[in-house]
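Letter by letter, the chains look like this.
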Amino acid sequence: MLGLKESPWIIHYDASSCNGCDIEVLACLTPLYDVERLGVINTGNPKHADIFLVTGAVNEQSRDVIRNIYHQLPEPKVVVAVGCCASSGGIFRECYNISGGVDSVIPVDVYVPGCAARPEAIIDGVVRALAVLEEKHRDMAAIAHSIDKTLYMRAEASDAAELLALQKIAYQSEAEIYGDDSLPALQQTLDDVQNDLACMVFIKAVVNGKIIGAVRGYVEGQTAYLRRVVVHPYFRQRGIGRRLLDEIEQAFPDVTRFEAKTGHQSKRNLYQLAQRGYKEFKTEPFTPAITWVCLQKERTPAIQAETPALTP
Amino acid sequence: MNPWLRVILYVMAAPIVGGLLAGWDRRISARMQARQGPPIPQPFYDVLKLWQKENIVVRRSQNFYILFFLLLVVFTGALFFGGSDLLLVIFALTLAAIFFVLGAYKASSPYSFVGAERKLLQMMAYEPMILITAIGMYMVTKSFQVHQIAGHPTLLVLALPGVFLGFLYTLEIKFRKSPFDLSCSHHAHQELVRGITTEFSGRALAMIEIAHWYENVFLLGWVYLFFASSPVLGVAVSLLVFGFVILVDNVFARLKCQTALKSAWVVAAVLGFGNILVLSFLR
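Protein chains in written order, with my numbering: chain A, 1 to 312; chain B, 1 to 283.
Incorrect hints may appear among the rest.
Examples of chain B residues lying across from chain A (beta carbon under 8 Å, computed) [stated by the list, open to error]:
#1 Ala-30
#2 Gln-33
#3 Arg-35
#4 Gln-42
#5 Gln-52
#6 Ile-56
#7 Val-58
#8 Arg-60
#9 Val-193
#10 Arg-194
The set of hints was computed from the structure by calculation and includes no laboratory data.
All values derive from a computational prediction rather than experimental measurement.
Ideal placement from N, C-alpha and C gives every residue a C-beta, glycine not left out.
Could you build all of it, start to finish, from the sequences and the hints given here?
Structure (structure tokens):
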């Protein structure tokens with residue numbers, strides 16, 4: 001695709017280690033190597049970048065930063081691990097605080113060897129990354145055409161970071177409705193989501209390996225509480241949320257009643273839930289701006305008929 | 001030439017000319033730094049690429065403001081090249097910039113807030129001089145209509161040397177160049193993340209870039225207006241001014257906002273207002 005290969009913008013992050021590769025990356029910008037002749041710009045903003053250059057091994061502190069930057073890069077994006085440490089942990093591999101190479105946190109597309117990696121090798125790595133970038137762009141176009149091939153499945157513990165990122169993106173529209181960033185969904189941390197993953201049932205909607213929607217729920221007595229139907233803003237109004245609700249209702253075969261709640265001004269959510277047979281039964285004040293509307297739904301008679309033994 | 005023809009020509013040709021100018025800018029800047037620099041069509045590659053990227057937004061409405069920013073910049077240039085009222089042109093340009101700032105505020109990120117505030121400061125810095133330029137042109141030609149100013153038989157710059165120099169000073173701000181590139185540096189990685197454009201990606205960023213091209217062509221058109229009675233000289237000076245802006249960009253570090261604001265107002269008061277005062281005494 002014209003333009004994509006000619007204009008790779010880079011964000012560079014140094015995870016840890018000796019900073020040797022870090023300095024070599026910056027050396028690529030100097031007049032001697034001048035990567036800008038290939039259209040490369042070393043931008044400081046992940047939202048503008050196409051290529052994520054990571055140098056150094058991953059430690060406890062840099063893990064979250066790497067994940068965060070990675071999720072902020074717009075698709076299509078490519079990750080290049082520069083140097084031995086970034087590729088495998090290098091000589092720091094056995095250290096107590098090192099979790100290994102960059103691929104222990106995010107998927108890596110190109111590995112650049114060297115200790116420190118030479119500028120020529122780094123430039124070569126970037127050029128190779130361009131081929132991957134183009135391939136991903138083709139895949140992305142395929143996603144847009146294969147939205148009807150969405151897979152619905154149980155989320156795993158390793159999905160926590162992606163689910164959190166998705167949740168924060170998806171709830172921005174709610175924050176805008178209420179003019180309030182204090183929505184609990186926006187306040188959740190990675191630990192909270194991991195906690196939720198451990199004690200609730202999560203269903204995720206996946207297209208070509210990327211999570212575009214999710215819902216969670218838990219059972220108390222005879223009631224299943226459904227929480228946080230999130231769909232990426234770009235995949236809304238295509239029936240994904242509806243399907244997620246169906247899937248999670250099926251995930252609780254033994255309950256007789258479902259309960260969901262949403263903010264009082266979230267008209268779209270209320271409409272969608274009403275469409276699925278949920279009826280409002282009470283409201284709870286939460287903050288001055290937000291009042292929760294609780295909706296409930298009895299399990300449909302068709303399914304109850306199959307299990308008559310439950311009702312005396 | 002028919003004014004409508006000029007407007008259509010501007011709308012079609014300005015992005016091409018502006019993009020090429022941006023390409024030359026990057027090439028010449030690179031050569032000034034002893035680098036080879038990117039190919040001339042690089043800005044077009046960048047915009048094409050951005051157009052194909054995923055659009056990440058904090059609030060979906062933020063890109064709406066950017067669309068209006070682009071439309072208003074095009075509208076401003078169309079008014080100018082259509083030969084309309086210079087004052088209207090100035091306020092349309094201000095409105096365009098305000099939409100840009102609103103978009104950045106809408107994104108609710110501290111970095112884009114800093115960029116937006118600095119953009120407002122920049123506007124405060126350049127607005128007086130731009131108004132004085134319009135007033136100066138009126139005093140010489142007795143008209144605010146661009147087509148009448150362009151048709152004036154004498155070189156405006158002879159009567160308005162101070163105003164011209166003051167206008168050059170504001171051009172440095174408008175072109176987003178050092179030492180006044182406060183809201184968003186032209187060069188990557190010299191910014192608090194990315195200033196006013198921090199939260200824009202994909203198509204919105206491409207639209208900001210295209211708007212910038214339109215704006216540059218419009219501003220160079222205004223430089224031409226000072227030399228309108230001699231078209232060849234006008235075009236030559238416009239290109240020279242562009243080269244001068246690149247040179248200044250490469251030899252100066254960034255100023256503090258306060259210094260930028262104060263110096264711009266001092267220039268407007270001394271060169272701009274002084275020039276107008278002299279003109280009013282002479283006649």
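Cross-check of the supplied hints:
Below 8 Å, beta-carbon pairs count as interface contacts, and Ala-30(B) has one with chain A at about 6 Å; its hint therefore holds. Interface hint at Gln-33(B): satisfied, since its Cβ lies 6 Å from the closest Cβ of chain A, which is below the 8 Å cut-off. With a cut of 8 Å, the hint placing Arg-35(B) at the interface with chain A holds, because the nearest CB-to-CB distance is about 4 Å. A cut of 8 Å between beta carbons decides the hint on Gln-42(B): the least distance to chain A is about 6 Å, and the hint holds.
Here the hint on Gln-52(B) is kept, as its CB sits about 6 Å from the closest CB of chain A, short of 8 Å. At its closest, the beta carbon of Ile-56(B) sits 5 Å from a beta carbon of chain A; the interface hint therefore holds under the 8 Å criterion. A distance limit of 8 Å between C-beta atoms decides the matter here; for Val-58(B) the minimum to chain A is near 6 Å, and the interface restraint holds. At a threshold of 8 Å, the smallest CB-CB gap from Arg-60(B) to chain A is about 6 Å, leaving the interface hint in force.
At a threshold of 8 Å, the smallest CB-CB gap from Val-193(B) to chain A is about 5 Å, leaving the interface hint in force. Proximity of Arg-194(B) to chain A holds as hinted, the smallest CB-CB distance being about 4 Å (cut-off 8 Å).
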